[in-house]
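Protein chains: 2
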Amino acid sequence: MASASSAAAAPASEDRIGLPPRLRRAETVLRMRTDRIVLVLEHSTDFQNIAACVRTAESFGIQTVYVVQSATMRKDHALSSQRDEGDIRAVLRAAAGEDDSPSTPVVSTGDADEAAEPSALGVKLSASKAAHAWVDLKPMGSIAECVEALRADGRTIWATDLTPGAQLLATPGEAAVLRGMGLYGNSGPVEGEAATAPGPAPAGMTCLPRKLAIVMGRETDGISPAFRAAADSVVFLPMYGFAESFNLSVATALVLQRLLEICPEAHGEMSLERRAGLRRDWFERLLRSTSLRGDHERFISMAGADDAARGDKATAGDGLLMTDLRRGNKRAMWNKKMKRRLGAVDEQMGRFDVEAAVTASKRGRMEAQRDVGDAAATAAATPAAAAAAAAGEEAAEQPTA
Amino acid sequence: MASASSAAAAPASEDRIGLPPRLRRAETVLRMRTDRIVLVLEHSTDFQNIAACVRTAESFGIQTVYVVQSATMRKDHALSSQRDEGDIRAVLRAAAGEDDSPSTPVVSTGDADEAAEPSALGVKLSASKAAHAWVDLKPMGSIAECVEALRADGRTIWATDLTPGAQLLATPGEAAVLRGMGLYGNSGPVEGEAATAPGPAPAGMTCLPRKLAIVMGRETDGISPAFRAAADSVVFLPMYGFAESFNLSVATALVLQRLLEICPEAHGEMSLERRAGLRRDWFERLLRSTSLRGDHERFISMAGADDAARGDKATAGDGLLMTDLRRGNKRAMWNKKMKRRLGAVDEQMGRFDVEAAVTASKRGRMEAQRDVGDAAATAAATPAAAAAAAAGEEAAEQPTA
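In order, the protein sequences belong to chains A and B.
The first sequence begins at 776 in the numbering used here and counts up one residue at a time.
The second sequence begins at 776 in the numbering used here and counts up one residue at a time.
Hints were generated in silico from the structure; no laboratory data involved.
In this text, all values refer to a predicted model and were calculated from it rather than measured experimentally.
You may find that some hints are simply not true.
No copy is singled out in the list; a pair is fine if it fits within one copy or between any two copies.
Derived SDA-like pairs (lysine to any residue); straight-line CA-CA distance at most 25 Å [unchecked claim]: (1) K986 / G955; (2) K986 / R1060; (3) K913 / A1084; (4) K986 / E1059; (5) K913 / D1070; (6) K913 / S1076; (7) K986 / A951; (8) K986 / A1051; (9) K986 / P947; (10) K913 / T981; (11) K986 / R1063; (12) K986 / T839; (13) K986 / G1069; (14) K913 / R1049.
Using the sequences and the hints given, assemble the complete structure.
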């Protein structure tokens, strides 16, 4: 249903680009989705935390999240006892809506909800919290039901816990440091512990099972005895300080990042069939409210053919994929609004007093440069790049027809 | 001031162990503390978030955290304009106290506050949130002041931001995956962006400057233009999904974990002099309310001598350091209390219905095992280890005299 005028105006460009930007974004995200790892959240006492964990999982490309619901959770959130996926999604939506909290743009990838509502472009940022709309949520009524579902899916279960017999989740470099310190090594049983429990191997987990379920316990008391007993392994992240634990969303994020470091090939590990199913769903949803809604079949087969030609591992597809998922431009636009709101504070703080900061910076930079490794050599170009970021992406974001 | 009786009862053991457990814990934490990386938090709008970030930094062994305070923050929290460290610490204490939120025991390391109050052992867990008591907090009145302080300390400044010209923070394995996908690579300028800004090098940052300050922007709008302009480099974590950003505490945790992966040798990188100063402070505080308070000089010189003999890198010191910072036992004790509170819910959910979960698990395990890599080979031993965790550490935790 591409309009005749646009087809006439830029047929070469459409041939080259192949997909409208929002679908290229979706296709790029899709090729990085993984089925190798699923996240399991034991019935948390707080839906905000579940929403935060789901958002993090989505950011890492985890496609499936199991949520073991508690009776109180169902009661508090008026969920039906049938554990309908729609139920939990509705609650997550509400939790995300209330959540005007913590969101720092280490990276902006732009959110699909906004793409689906072009009118909101550049103003509505909250939709990025609707990450749950793009993952498969699996509500579970009990731990036994969840374990059964994971086994039926052929999954090895790793539980995260502080159990002394747990296996270390460390990169080789970190494991070497820990060995040097004699920390979390195989130097015998944990202090004060019965000598029957062997220490973890110093290298810890060095590869992932072919199909992994990683289980995070609830906030208050961690993994449940039932899930620990059902797990094939118990794993932990080394900690270095006095603090006893990370909070749930932080722990979930760190564990997922670590698993994907141990096994970077898990990125994009998904069968062609599975990707085809998700593609159909995503493309239809993304085009529903646009003038391109009739073209989804064409786009689906275009992307599917490219995917099939490249095999079931994620690989670059020129013209079909984006080379960057960040959207600096939107953030810059939004900053203008925020600047007004935060203006008074910012002025007082010299937040926008770039000159003062740069002067202070220059004074020390020359000495600092002497001490710097290769990594910082690329330094000075950055401010220019920042300014350049404010240009042009908006146009590219519009559908091609 | 060790009592004569205990000295007579176990002189051999004291010779061998050298330090009371709480000081061994502190000495172990101290040897993993780093000065190579400092964390800088731009004036956040929420003290809970700052508290969460400080706790995470502490867990990773980051000793110094700069907090750029805003005028509203000072007003809301009745902080003096002199930016006294005590002020901000008091607010963090309050924030931590109110915070009965998210704490999942991926690892338990035990907290020093509890050690300082033996009467609370095994009951009071909230003190783990007092992580801020064990880091150097540097309140800053403005960005320019903060930049100046960082330069005076000889620091290279990296800001985290979505700026398209930013450098990738990726491990080599992840960078390879991204290259394969053509994502965040040097494949030309970011889509829609002026071609003047070069793409980041595909390998991203592969080493850290000798003295690094990593700056996290505030929740609402990320890094400030002033800090971005003052930074030597801007860095970002690759994201793979639709979600636009991680929340602040999650982003901080992921960035710190990544920096320490890129540069594992940063763990424990601190001068002997600096460690000596912290040791004196920590040991005095940890012994203040105990019968050993008169012995701190002896312990300080004992630990200091060992440290000096081993050089300024963290290395194992038999008898002076712990081999594991987790405290499974306390969590197990606490679970008993929590079980009562959560009993009704748990019973409904089969949370403690270990048998049902194990049965469900066994059914699928054999098939799953076929698919599993080496890593899961260690599987079955875990439940036994979990049970063993409930034993004995309490005794070892008592001071030797």
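Consistency of the hints with the structure:
Taking the closest pair of Cα atoms, K986 and G955 come within 25 Å of each other only across two copies (22 Å); inside a single copy the shortest separation is 33 Å, beyond that limit. For the homomeric pair K986 and R1060, neither the shortest alpha-carbon distance inside one copy (29 Å) nor that between copies (48 Å) is at most 25 Å. With identical chains, the CA atoms of K913 and A1084 are never at most 25 Å apart, being 31 Å at best within one copy and 56 Å at best between copies. Within a single copy, K986 and E1059 get their C-alpha atoms no closer than 29 Å, and across copies no closer than 50 Å, so neither meets the 25 Å cut-off.
Taking the closest pair of Cα atoms, K913 and D1070 never come within 25 Å of each other, the shortest separation being 31 Å inside a single copy and 57 Å across copies. For the identical chains of this complex, K913 and S1076 are neighbours neither inside a copy (28 Å) nor across copies (57 Å), given an alpha-carbon limit of 25 Å. Proximity of K986 to A951 under the C-alpha cut-off of 25 Å is restricted to the inter-copy arrangement: shortest distance 22 Å between copies versus 27 Å within a copy. Proximity of K986 and A1051 under a CA criterion of 25 Å is satisfied intra-copy only: 20 Å inside one chain copy versus 48 Å between copies.
Proximity of K986 and P947 under a CA criterion of 25 Å is satisfied in both settings, with 22 Å inside one chain copy and 23 Å between copies. In this assembly of identical chains, K913 and T981 lie within 25 Å of each other by CA distance neither inside one copy nor across copies; the values are 28 Å within and 38 Å between. Taking identical chains as interchangeable, the C-alpha atoms of K986 and R1063 are never at most 25 Å apart, the minima being 34 Å within one chain and 51 Å between chains. In this homomeric assembly, K986 and T839 come within 25 Å of each other (Cα to Cα) only inside a single copy, at 12 Å, whereas the closest approach across copies is 40 Å.
In the homo-oligomer, the alpha carbons of K986 and G1069 never lie at most 25 Å apart, since the shortest distance is 37 Å inside one protomer and 56 Å across protomers. Within a single copy, K913 and R1049 get their C-alpha atoms as close as 16 Å, which meets the 25 Å cut-off; across copies the closest is 51 Å, which misses it.
Violated hints, in rising order: 2, 3, 4, 5, 6, 10, 11 and 13; the structure is consistent with all others.
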